[in-house]
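Visitor: In order, the protein sequence lines correspond to chains Y and P. Under our numbering, think of the first position of the first sequence as 1, with each following residue one higher. Under our numbering, think of the first position of the second sequence as 1001, with each following residue one higher.
Think of the hints as simulated: they come from the structure by calculation, not from any bench. These figures come from a predicted structure and were not determined experimentally. All clues stand as given, with none of them false.
Listed below are the simulated SDA-like cross-link pairs for lysine to any residue, each with C-alpha atoms no more than 25 Å apart in a straight line:
no., chain 1, residue 1, chain 2, residue 2
1, P, LYS1157, Y, SER141
2, P, LYS1157, Y, SER25
3, P, LYS1035, Y, PRO79
4, P, LYS1304, Y, SER141
5, Y, LYS155, P, TYR1155
6, P, LYS1157, Y, ASP151
7, Y, LYS70, P, THR1041
8, Y, LYS214, P, LEU1158
9, P, LYS1035, Y, GLY83
10, P, LYS1147, Y, ALA209
11, Y, LYS32, Y, GLY101
12, Y, LYS11, P, TYR1155
13, Y, LYS70, P, ALA1169
14, Y, LYS11, P, THR1041
15, P, LYS1035, Y, TYR75
16, P, LYS1157, Y, GLY8
17, P, LYS1035, Y, ARG82
18, P, LYS1035, Y, ASP84
19, P, LYS1147, Y, ASP151
20, P, LYS1304, Y, ARG215
21, Y, LYS214, P, LEU1153
22, Y, LYS40, Y, GLY120
23, P, LYS1304, Y, ASP206
24, P, LYS1304, Y, ALA148
25, Y, LYS214, P, ILE1149
26, P, LYS1035, Y, ARG9
27, P, LYS1233, Y, PRO79
28, Y, LYS214, P, TYR1155
29, P, LYS1157, Y, HIS147
30, P, LYS1304, Y, ILE210
31, P, LYS1147, Y, GLY150
32, P, LYS1157, Y, ASP84
33, Y, LYS155, P, HIS1159
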Amino acid sequence: MPKLSLFGRTKALENQIDEFLDKISESAVVFKLAVKVYLKEGANGEFAERLAAVNTMESEADTLRRNIEKALYTYTLIPDSRGDVLGLIETLDQILGLFEGALWAFDIEKPDIPSDFKPGFRTLTNRVVDAVDALVLGSRSFFRAPHAVGDYNHKVMLFEKEADKISTKLKKNIFASDIDLAHKNHLRYFVEHIDNVADWAEDVADRLAIYAIKRTV
Amino acid sequence: MDPSIIIFLTSGLFLGWALGANDAANVFGTAVGTKMVSWGTAAVICSLFVILGAVISGAGASHTLGKLGAISALPGAFMTALSAALAVYTMTKAGLSVSTSQAIVGGIVGWNLFSGSQTDAKTLTAIVSTWLICPILAAAIAITLYKAITLGLRYSKLHLLRTDAYTRAGLILAGAFGAYALGANNIANVVGVFIPAQPLAPFTIGDLTISSAQQLFLMGGLAIGAGVLTYSKRVMMTVGSELGRISPVAAFVAVLAHSIVLFLFASRGLESWLAANGLPTIPLVPVSSSQAVVGAVVGIGILKGIAGIRWRILGNIVLGWIITPVLAGVICFFGLFFLQNVFGQAVI
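Between the sequences and the hints, there should be enough to build the whole structure, so can you do that?
Guide: Here it is as structure tokens:
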């Protein structure tokens, strides 16, 4: 029955989108744990495991993204919102890339983070992950209840502002400290690496707000 | 069968073809325009259900049209249908919205004027009043349906993809219903004028006797189907942009409201049910599917905010509704004059 296969395909695609969003929220949790491990014990075996987990999630999410895009175009699904869904999925996918990139940088460059700055890095990571969590909830809401997207977006903005405040304060403290300039620059680079994720989450939330408005008018 | 009968019927078949080419867009245009249903699927479903509607439920509206002017001579019926077809063709060429219902009524009134027959004022009033009621009713139904569906969607929290799949299935079902209603209601425009002349002899297959009218309905249905399959693609593709961009859910509502209105004005079953329950009946008259769909889209537009309506385009559409019957009437009047005086045909 073509009707049944149509709904079957729809259900499979719904699951793929849910799975894709799961990958992002899972990778956020693993990223937080990886940074926590690094700050405590450096790039040890557990950190390597977390990094490998984020790598795997990133490539799985890429496969899901490609499958979703292919299905949307092959079966001309949601012609009205297809561009928006693709835009959302592609920009969300970049968050995984940012998490992966930051962890690789920790692994390769092994920055020496003085203990005075560790709480700042930890809080910054927490706020960034909060922003990504709120964004994932907003994205899930876009598919089922676009009217509620605004509530989640509001939280994304709030966490991004918090992350900005923390990163500015952290950078000020770094540059006010006695460590040498190369070390200061190196640390600043890592602050920005982490903070960039919240900035990107805010950009995605801005797009999401427009997509949601288009769905509700 | 006398070959001249076929020649005289060609004008009706031409009108049927033009109706199929144009009005299929009212049924499936928004679905195809929003890329929710492919043109191939739409064309096949539309042709099939138009023919079914014409053959099964075509008699109701045809009866009313017969009351407006009983054209008993086949050449007269030929010119009436031809004038309607030419009016439809001219208006389509001029890019104005056109209604075959209005064209054929204009043609019949033209024949009445030429033949000196009295136009049944009661029937004419009933028909003309439906031209006003039809888009208003379609708008009211569309507003109610749209409000209910959007509220339902909001509270059901259906996934975007699920909504899409249901809307797609809904568009196909509402389209099939719309095509059936179009066939049932508008077949009267195509072959209604030929019915009083009874040009075809009834024939029997086994226990089944197929009357002249039923043969005409089938031929007309096939002509509409041919119009859908051969010429409706371009009109379907452009109908969305003319009416303004609408969402797939709004497209579904527009098609469903249009189909309900056409069905209301064609259903003998509903008429008997209303009469049996002491309720006011709905006149069974051929209404314009273009007016119904425009009414539905404007209704949704009103719901979303009056600013979204393209008043200039709406003005052109209304202008088309006035010009069409007048043009068909004038063409018919002069056409009958030529047919009678130049070609020596008995048109009355």
